[in-house]
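K.L.:
Spelled out, the chains give:
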Amino acid sequence: MSKRTVQFSIYRYDPDQDDAPYMQDISVDLDPTDRKLLDALTKLKALDDTVSYRRSCREGICGSDAMNINGRNGLACLTDIESLKQPIVLRPLPGLPVIRDLIVDMTQFFKQYHSIKPYLINNDPPPERERLQSPEDREELNGLYECILCACCSTSCPSFWWNPDKFVGPAGLLAAYRFLADTRDQATNERLDNLEDPYRLFRCHSIMNCVDVCPKGLNPTKAIGKIKDMMVRRAV
Amino acid sequence: MSIPVLKFDAVIVGAGGAGLRSAIQLSEAGLKTAVLSKVFPTRSHTVAAQGGVAASLGNSEEDHWHWHMYDTVKGSDWLGDQDAIEFMCRKANEVVVELEHYGMPFDRTDNGKIYQRPFGGHMSNFGEKPVRRSCAAADRTGHAMLHAMYQRNVKANTQFFVEWMALDLIRDEEGHVLGVTALEMETGQIVIFHARATIFATGGAGRIYHSSTNAFINTGDGLGMAARAGIPLEDMEFWQFHPTGVAGAGVLITEGVRGEGGILRNSSKERFMERYAPNAKDLASRDVVSRAMATEIKEGRGCGVNKDYVLLDVTHLDPATIMKRLPGIREIGIQFAGVDCIKEPLPVVPTCHYQMGGIPTHYSGRVVMPQGSDMAAIVPGFYAGGECACASVHGANRLGTNSLLDLLVFGKSAGDAAVEDLKAGQVHRDLPKDVADKTLARISALDNRKGGADVHETRLAMQRTMQDHAGVFRFNDLLKQGVEKILEVEKAARQLEIKDKSQVWNTARVEALEMENLIEVAKATMISAEARKESRGAHVRDDAPDSPEFPNGRNDAEWLKHTLFFPQDGNRISYKPVNMKPLSVETIALKTRSY
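Line by line, the protein sequences give chains A and B.
When you line the first sequence up against this note's numbering, it's residues 1 to 236, in that order.
When you line the second sequence up against this note's numbering, it's residues 1 to 595, in that order.
Just so you know, these hints were derived from the structure itself, not from any lab.
The structure presented is a predicted model; accordingly, all values stated were derived computationally and were not measured.
Heads up, a few of these hints could be off.
Some chain B residues close to chain A (C-beta under 7 Å, calculated; not the full set) [unchecked claim]:
| hint | residue |
| --- | --- |
| 1 | 97 |
| 2 | 100 |
| 3 | 456 |
| 4 | 499 |
Glycine included, each C-beta is placed from N, C-alpha and C at the ideal position.
Generate the whole structure from the sequences, applying the supplied hints.
P.N.:
Now the structure itself:
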């Protein structure tokens, strides 16, 4: 089989060496077995070890290699090279400070995730065996618990860009609803109080970029809608 | 050069399943604990586990820990220590129920209990027929588990050092472990973590092989650090090749697919496992299934243009079952094989998956090594759990779902042991004067070397050597050549050169440091494998074939013993006996293994 070559235009910035970020054009020869964007990046890194990005599982479950690919957030390991127009333009996730090249500082993203108390709250003494939960009640968690915290959603959300310190963002709110929807959790009121604020929840204007980019096919907007419904029902 | 010292009661290296489970014990006991991880905790490779965690809850049919213990001993081909195996199987219900209490979203039975599915090698009534023992959250059990444990740690206020790489274990002259040196990836700064207890939970090193289900980060850092500090590595010849990696891509397809009714077929659509394991068939132990697949391919019954894979068929299952129980697998098939498994079978090959050996530990989680006549003397201040440790519960072959159980049970017991020792007065011992010299010298040599070996090329040479010389089947002559080749690769790995000189998030430097750890593991594997002249579990060699005297090629008279590899002592190998005595029940007596 013949060699394929792909053209990249990559955001480069090393604060140790560069005064300002710049876009670098690079081309890479691929093997026939290179199928995903991450395969191409691995080849690229073998040529130039200074190209910096996060990656780990290479199968879309760890959430490390989120980046902005031809203007759209996604995971390099789940993106088919063939699906991309060339040159493939790679930039760091938008809206977060860049540390180096494609690596962003995710502090603000995780701060918001932690702010919703992302853990089960149940103050009853734990029983000897598992707490029971019907299959139907368990099904309520589908589409919520599968989040991989890659930040594709929150960093594609204009509301999060403007107010990353005040708006929880789609990933954090999806997690908030994951616990609100869990029949084993007892902190419903406390969780809703925690979100009752002009920014934390209500900055979501249903733009739905989050739904569009989620590499796991999840729907944070729908979860946010359900939290808003719970707020309304609680008020009446 | 003076470098900063951070003082903690305990330092845990690794934030996958074992590290997070240990951290819960320490944080909830109120001890000042640092957890170091190369990646944000939920990105650790436990996240990729799919099929489930073993526990004899008996939620769908009768089950018993003693049956689980029997299966694990048999699965290990009797190389597992029976005290550790009893300990693990008896603790299983407790640690799985705890996870449920932490909020883990297990699937449920109709009566609301944790859902359980069958898995390879797990049988009822001492090997009679498959039993539903694997507790599952769809086919995302590892993800659900890792997130639930991270969340519990958030609740417990555990202090994480995210994107820090531990570099070297600190031991004083008397052999006590006092912490680690570590690199903050964002700044390039090196710091000493000075601790009263040091717990390794660094996972496996599946990246020593070319074709692996493992993540890029699985580079055996804990084993490399232990080896450099004079700790031996145990049973490193035993590597699990998972039967079902996606052909070409290597991505894992859970055994839970076969648990839900999936069938392996060759080029003539034959269910070939019936010939190799008439009783358990597709749910035989992993080493057995992988060898059967490799044999089918070798004898020309593989599929595809190059006849180099077999098929995993679920097309006969109800699509609703696939969507409910195996949704992640369907996604993986579409993504990495271009196949929708509802309509077409998946192309699969045996793929390197799990390291049965590791840092020798007692089942309490304390690291042990020979000292004088004591083959298992405690290394004070040092603990390990999960894939990096060798308790040994998996022996020569691990059963599916026992890895998640291992990291829960031994993560917890390592945490408990550390808490116990700290409460009993284990103190901060003085740091040696030259505490970080070796680390600093290694980093400085790496940063300044010119004309050295390329990291990418060296890694590839190691991976190809391991793949070609220590694969599913092993051959005496190939092993001998493999030892020579890997020692050549080691020379290159000691002379790596990087072009990236930045202090900020220098991934080239991290990959070079990882390579220095990988090579320790690769070398331990090849030399230990060459030395073991029998076939047992995952280690099957051509010059130890099945015979009336040695069924399956296993030679208990000579080889019922654990390998200990000492890289700091001229690559010396010694052996220690297998503990055949359980804690409370009768010994599970040696028997020829068949499924």
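K.L.:
Indicate, hint by hint, whether the structure satisfies it.
P.N.:
Status of the hints after comparison with the structure:
{"no.": "1", "hint": "97", "verdict": "holds (5 Å)"}
{"no.": "2", "hint": "100", "verdict": "holds (4 Å)"}
{"no.": "3", "hint": "456", "verdict": "holds (4 Å)"}
{"no.": "4", "hint": "499", "verdict": "holds (5 Å)"}
Checked against the numbered hints above, the structure violates none of them.
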